[in-house]
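Visitor: Let the hints inform the model, and build the full structure from the sequences given.
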Amino acid sequence: MEPFALIACLLGIAVLMNDTPRGVSEDNSAASDTAELVRAWRGGDPQAFNRLVLLYQSRIYNLALNYVKTNEEAKDLAQDIFVTVFKSLPNLRDENKFSAWLHQLALNHCRNRYRKLRRRGYFNSTSVDDDFGAELAAPDDPSRNLEQKERNALVRATIAAMPEAEKEILILRDLQELSYEEISETLGVPLGTVKSKLNRARLTFKNRIKHLLRTP
Amino acid sequence: MTEPTTCTAIQEMFSARQGNELAPAAVSRFEQHLAGCPACAKEWAYFQESQRWLAALPAAPVPANFLPGIHAKLARPSGFTAWLAALHHRRPTLAISSLAALAMLLLFLSPARHLTPTPSEQLAENIMAPATSRPALPPPSSPAPQLALEEPIRPIVPVAQNSFALFTADRAVQDLTSYRLTRTPTAMPQTYADTVPVRPDLSFTVHAASRESQALLYDRLLTQTHWRVAPAPRSGMLFLFMDAGDLPLLRHSLAPHRVTVADPDALERLAATNGMLAVALHLQGE
Chain A
134 MEPFALIACL LGIAVLMNDT PRGVSEDNSA ASDTAELVRA WRGGDPQAFN RLVLLYQSRI
194 YNLALNYVKT NEEAKDLAQD IFVTVFKSLP NLRDENKFSA WLHQLALNHC RNRYRKLRRR
254 GYFNSTSVDD DFGAELAAPD DPSRNLEQKE RNALVRATIA AMPEAEKEIL ILRDLQELSY
314 EEISETLGVP LGTVKSKLNR ARLTFKNRIK HLLRTP
Chain B
11 MTEPTTCTAI QEMFSARQGN ELAPAAVSRF EQHLAGCPAC AKEWAYFQES QRWLAALPAA
71 PVPANFLPGI HAKLARPSGF TAWLAALHHR RPTLAISSLA ALAMLLLFLS PARHLTPTPS
131 EQLAENIMAP ATSRPALPPP SSPAPQLALE EPIRPIVPVA QNSFALFTAD RAVQDLTSYR
191 LTRTPTAMPQ TYADTVPVRP DLSFTVHAAS RESQALLYDR LLTQTHWRVA PAPRSGMLFL
251 FMDAGDLPLL RHSLAPHRVT VADPDALERL AATNGMLAVA LHLQGE
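Residue numbers (our numbering), protein chains in the order written: chain A, 134 to 349; chain B, 11 to 296.
In case anyone wonders, no lab produced these hints; they're calculated from the structure. Heads up, the beta-carbon is just placed ideally off N, CA and C, and yes, glycines get one too.
Distance ranges between label pairs, derived from CB positions:
1) R251/A <-> A82/B: 25 to 33 Å
2) R226/A <-> Q28/B: 32 to 40 Å
3) T15/B <-> K249/A: 39 to 47 Å
4) N340/A <-> A74/B: 32 to 40 Å
5) N229/A <-> L112/B: 40 to 48 Å
6) R268/B <-> P179/A: 37 to 45 Å
7) R251/A <-> T15/B: 39 to 47 Å
8) C47/B <-> R226/A: 44 to 52 Å
9) M114/B <-> E310/A: 54 to 62 Å
Here are the computed lysine-lysine pairs in the DSS-like style, where the Cα-Cα straight-line distance is at most 25 Å:
10) K282/A <-> K202/A
11) K202/A <-> K83/B
12) K343/A <-> K52/B
13) K202/A <-> K249/A
14) K249/A <-> K83/B
15) K300/A <-> K52/B
16) K83/B <-> K220/A
17) K300/A <-> K249/A
18) K328/A <-> K52/B
19) K230/A <-> K300/A
20) K343/A <-> K330/A
21) K330/A <-> K52/B
22) K282/A <-> K343/A
For the chain B half of the interface with chain A, some residues (derived, Cβ under 10 Å), not all of them:
23) E31
24) S60
25) A66
26) L67
27) P68
28) A69
29) P71
30) H81
31) Y228
32) R230
33) L232
34) H262
35) P266
Guide: So this is what it looks like as structure tokens:
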């Protein structure tokens with residue numbers, strides 16, 4: 134086994150065992166450790182970067198999945214994001230704002246990749262290779278029924294088709310579970326604007342899937 | 011007496027109600043309206059159900075070998091090095107010739123180094139090659155005056171192995187601050203044209219009071235990986251080279267600050283065009 138793979142396996146065990154419903158493995162204590170990890174990495178500890186990746190890989194990978202169609206592309210995009218993180222971490226001034234900074238950087242990457250792919254007509258066709266909602270078909274989880282899988286695929290497709298600004302804020306809050314403050318820092322908009330835009334985005338989402346929802 | 015609550019106002023409260031963020035008085039107003047308005051009650055039920063669907067969305071598992079893949083990418087040569095390596099692999103003689111030509115070019119350019127603009131100004135000049143779709147810009151009204159060098163040009167520290175973050179925020183802000191401290195008003199360049207040989211398409215004045223807030227702004231701009239950010243410390247400005255379609259993003263980036271634009275008409279006109287824009291941000295303390 135390659136050394137990096139070994140490190141990833143060892144460090145990843147704790148993360149995988151502590152999986153949340155969304156697979157977001159960062160809990161409060163981990164969040165408070167983030168600044169310490171950033172400092173450690175700057176101080177020359179090479180393992181600190183690996184631990185940062187393991188803390189945030191699920192968030193960033195799932196963020197990327199909303200902008201591309203296949204798992205492989207999402208993996209490539211998410212890895213590129215962490216490569217940029219590695220290179221530009223010296224520019225981060227406040228270690229305590231790592232999460233917002235990371236999401237800001239990740240969103241920029243996702244937007245750029247999305248625009249690039251759209252220019253190439255990537256989203257104009259569907260393919261049998263599309264993994265949109267591929268996690269729904271995870272063979273190791275037989276408890277999920279077909280209805281749930283279809284529903285999740287529809288939710289993902291609905292989010293993907295939303296206007297960019299609304300999609301971003303919905304993803305950050307409802308899928309990435311960032312706080313209002315973190316979203317405010319990430320998007321560079323005031324707190325009140327975050328709340329009003331989030332409500333607008335949720336209403337858009339509701340209106341787009343209304344025909345599928347059970348009538349009250 | 012309470013104000014009548016409209017259906018629109020109620021629907022604007024959906025998220026706050028969902029998150030239990032409403033004040034008690036607003037909650038009772040909300041519930042009171044729903045009790046008497048079947049349409050809103052139905053929309054509220056749809057909203058709650060749609061939120062349940064979102065909450066049930068599972069996260070996709072991270073693919074195998076994710077971390078090793080990052081290190082593999084980091085270990086891979088990038089940019090010029092990669093090009094040279096590929097060239098060397100296929101045409102060793104051509105690679106050596108290219109290196110020799112590059113060395114000669116550097117030798118040729120080096121004696122005039124002290125007469126040339128600062129690295130940031132060079133960058134600004136180099137990347138401002140006119141795009142075909144960019145509207146033609148009028149010539150400067152007067153020739154740019156010669157820059158009087160009153161202090162040695164300090165090198166701006168490039169970030170190693172970083173293709174987009176060309177300058178460190180610390181150094182840029184340090185330059186901006188020391189510039190303000192050391193220059194007398196009479197020696198200050200009056201316009202961008204004094205220091206940077208480009209005409210910006212748009213000029214904004216950004217009221218960023220503290221050194222800290224200027225640094226944060228700089229950090230924020232650097233995260234836009236597809237922009238080029240060139241500090242022009244002598245004039246206390248930052249130059250951005252960006253696509254016109256990114257103007258809304260710029261607005262987001264500048265949102266925490268009070269911003270004034272020199273020519274609102276130009277802003278409106280350019281926002282509707284394609285192509286590269288040169289944008290000057292004049293950082294001003296409040």
